[in-house]
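Colleague: Chain order of the listed sequences is A and B.
Just so you know, the first sequence maps onto residues 1 to 514 in my numbering.
Just so you know, the second sequence maps onto residues 515 to 1010 in my numbering.
Each hint should be verified, as a subset may be incorrect.
Under the rule of at most 30 Å between Cα atoms (straight-line distance), these lysine-lysine pairs were calculated in the DSBU-like manner [said to hold, decoys possible]:
(1) B:K946 / B:K548
(2) B:K636 / A:K474
(3) B:K903 / B:K946
(4) B:K763 / A:K130
(5) A:K147 / B:K548
(6) B:K839 / A:K293
(7) B:K636 / A:K416
(8) B:K958 / B:K839
What follows is a list of derived Cβ distance ranges for each label pair [claimed, not checked]:
(9) B:A759 / A:D199: 24 to 32 Å
(10) B:K880 / A:K122: 52 to 60 Å
(11) A:E34 / B:A950: 31 to 39 Å
(12) B:A759 / A:V310: 57 to 65 Å
(13) B:A982 / A:S319: 50 to 58 Å
(14) B:E551 / A:A143: 53 to 61 Å
Which chain A residues face chain B? A few, computed with CB under 10 Å, are given here [to be verified]:
(15) E52
(16) R53
(17) E133
(18) L134
(19) H135
(20) E136
(21) N152
(22) Q153
(23) A169
(24) S198
(25) Q327
(26) A373
(27) E428
FYI, nobody ran anything at the bench for these hints, they're computed from the structure.
Note that the structure is predicted; figures quoted are calculated from it, not measured.
Every residue gets a Cβ at the ideal spot worked out from N, C-alpha and C, and that includes glycine.
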Amino acid sequence: MRQRLFSGFPAIFLLFALLLAVSAASAQDLKSFEKRITVNVLPNGLTLVICERHDAPVFSYTTFIDAGDVNDPTGESGLAHMFEHLAFKGTSQIGTTNYPAETVALQKVEEANDAYEAEYLKPVGRSEQKLAELHEAFLAAQAEAEKYVIPNQFTEVAEANGAHDLNAATGLDDTQYFWSMPENRLDLWAWMESSRLSDVVPREFYKERDVVMEERRMRVDSNPIGRLEEQFFATAYVAHNYGRSDIGWPSEVGQINATEAMAFHKKFYVGGNIVIAIVGDVDPETALPVLEKYFSRVPGGPRPEDMTTVEPQQFAEKSLVIREQTQPVFLEGYHRPSYRDPDDAVYDAISDILSNGRVSRLYRSLVEEQQIAAEAIGESPVPGERYPSLFMFGAIPLPGHTPAEMRDAIHKEIEKLKASDVTDAELEMFKTRTRADLLRGLDDNQGLANSLAEYQTRYGDWRQLFLQLDAVNKVTKADIRRVANKVFVASNRTSAEIDTEPPAPAAKSDGGAQ
Amino acid sequence: MNQHAFCLGSRFLLVAALLSALVFPSGSTAQQAKPWEHIPIPQLHAFHPQQPKRIELKNGIVIFLQEDHELPFIYGSVLIHGGSRDEDPAKAGLLGLYSQAWRTSGTASMDGDAMDDLLEAKAAHIETDGDEDSTALSWDSLKGDADQVFSLAMNLLFHPKFSAEKLELAQQQEATSIVRRNDDEDGIAGRESAKLVYGVNSPYTRQPELATIATVTISDLQAWHDRTLKGQLIVGIYGDFDPEAMEAKVRAAFEGLPPVTAAPPRHDEFAGPKPGVYFIDKEDVNQSNVQIVALGIDRHNPDVPTLDVMNEILGGGFGSRLFLKVRTQLGLAYEVGGGFSLPYDHPGSFHVVALTKSVSTVDATKAAEAEIAGLNTKPFTQAELERAKDDIVNSFLFDYDTKDKILDESEKLEFYGYPPDYLETYHAALEKVTLADLTAAAKKYIHPEKLAVLVVGNGPEIKPPLDALGMGAPQAIDITIPQPAGPPPAAGAALQ
């Protein structure tokens, strides 16, 4: 559910790697972390969380923007992600040979694009010849602006200074920028990061839009699971932006312009909407004055108003079927509240008991006993957590088995959960594993930076990363039955499946290159 | 050991190299001010990476102990020689079945399901895994459960009891991935391009089929286990333990084994791809997956440091020629990159990938080919050389910044028989790479006329057609999934 600037290695063949459970938590040693963590809020509202770990002369950071594709304006789906790509294009000082001249040239690109789009969108009377001329004019303006560009200079400076695992990721809920670096580059990093947050230039925007369109083709259009998920969420939601393609509908992301991207930046990239967490070999006493100096350049301003749309209660069961030649898959989802709901940990418990590992109920039932599925899951929250989301079930049938069998088997497990209590052992296992997973996650600088930034943003206090364990410990068997009975009902359900069709009988060219 | 297709290899850096005060900017382009060059870069804090303790037993088994007391966990693993490349081709897929069924079957005294229940209640794990050249048993737990988990793991290592039921389960899951393998464009492109490089039935590319996995029995699994366990084992322990007690415990478990038998040397030889254009039609995609491949070299070759630098210049990250041209300047791809894979003990491949919309298939392929050919015609610049070295050298630290990464590196060198100071030597060689070295290596290893191009894409949408590449008529590759001879199982019939 998350686009990245730069793709990593391909995931393994099944989809569910995408849907990592938000690992709940523990409180191993909140006190030891309190000694090592410093939080500072700058006058512009930007929050800095610094966690000292002096094991090796390196640090990792995460810049967490509390805005993602859920915040894309109507008609501009994919904008937050598009802006994230822009944030690697440099500033008025990095990536340009002559900024004043480049600014003028970029303005002309924008005007040329507006003129082209106005003609393109004419409902009647569009002139193809004029459109072609306007396109030529646009390409000429673009070429003119490119004369001033030093391509990829921002990332080049970062990489030459040892930036490691440099990337960014945009989800529906948020946008994150991150890398790791040798500790002696902290000042340089602070200068670079604050520069791109405060002084971004919409350079090479339209080429980068083409790149994002290719990303869409890779993740969604040319991937059966990508297609299925996009349709699934679009069906499950009628009002809220969680139903909208996160990478953007082709006609919308394909027509986003630089002016819109800059407006998004102005609205959402304000101090009050940004948390930066730094974990590693950093001394807050000496670092803070430097960080303050640089990050004070980020514009202040209040957090943007939250959206008013709330997904209305579902009252009609929905289902969709994709008939194509790919192998069958089954998904279904039930609406559940956001992460702020008091039952949040109960959903984690249900997910753990149903689908965490070979001991889980879905594995034991569908994979081991009935031998109808290769994999089965029950996870939440998807596709985001900030707003009311879905609890999603899914299964990959073994050869010869059908989505309908997956559905029936999953429903049986759901009914069991509603009709009788989980065992003491299951509940205890959930709590033990949650504690251990939290601890395990603490040993990685980058992972910890992500978590601290996220919890500081979502709860206003990073300590919640540890304190959430209290809620986990309080989950009871009765809670699980109550929540299952409330949420897992037919009228709250949306299902999606791929039904395999045989190849079309018509003879088809196999050369592709006649 | 895991080998990524585009792994640029491990990077080593003496700490001193990081102390270099300023980075060299790459720009020969006019630019008035470069404020970042005025930001001071102080000396890096002193760093003494903690090496694991290496113990070699009389029987040849090697143990590494790496203490880390930050968190209360203990992790362990046993690495075993022999992987899918060593399978009987008639039983292709055995390795995958073995590495799953070994763990899920369990032992005579505790079956796999009971082991799951016991371990998960403690948030502990014992898992088995396998890949191209090795299998591994690994475990982890909270410190307090470590003794019990260790003895369970040793029981699984020395006394597994393979179960027909769990083998069948593994076969079903493998069959699922076989019948689904043509749904994934990227998967098709990866495996079929590897076949062009190594040949269809090579140890590195033959694939499990419904027929081959069906022939595997539990006695095959037991035989594989017994055979590979006689080889050299590498034991690694990491985490919060008392070193003396742990050493005594691991010694006691492994000391009594007979002397290990060394793995026979490999003689992998490959002809490389037959030049030309290959095509696989996939009607449900709107993006072509373009793979440009040739045969490469293995890591013993003294030119490897130079090729590592060349990889960085050609396709390693944001500053590379491929990224700059195909992605940034042409906007033709989101994913583009590649270079020489430099595996430790067999010839690697040269592999460039670009994913582009159907109509720009020919343009993107030509642009990528031009960058490859350009390695011989477009002179390497001092700025490129410095940038590439800075990228590699300054991020080297991240191969060594945690104690578990250091342990992994030690195990890897031990496994492939490289000297313990390999990385220091390698790093020193990398620092010495010159422009002349790059030019000579390009001449020696980059042969545009020997490249094969594979396109997986939507035939009717690809315009201009692939003939426009000027590499001859595209040759179709048949990827139909073979059905086993004889009547198919009733349940599976409908799907094909």
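Colleague: When the hints from earlier in the document are held up against this structure, which numbers fail?
Modeller: 4, 6, 9, 10, 11, 13, 14, 15, 17, 18, 19, 20, 23, 24
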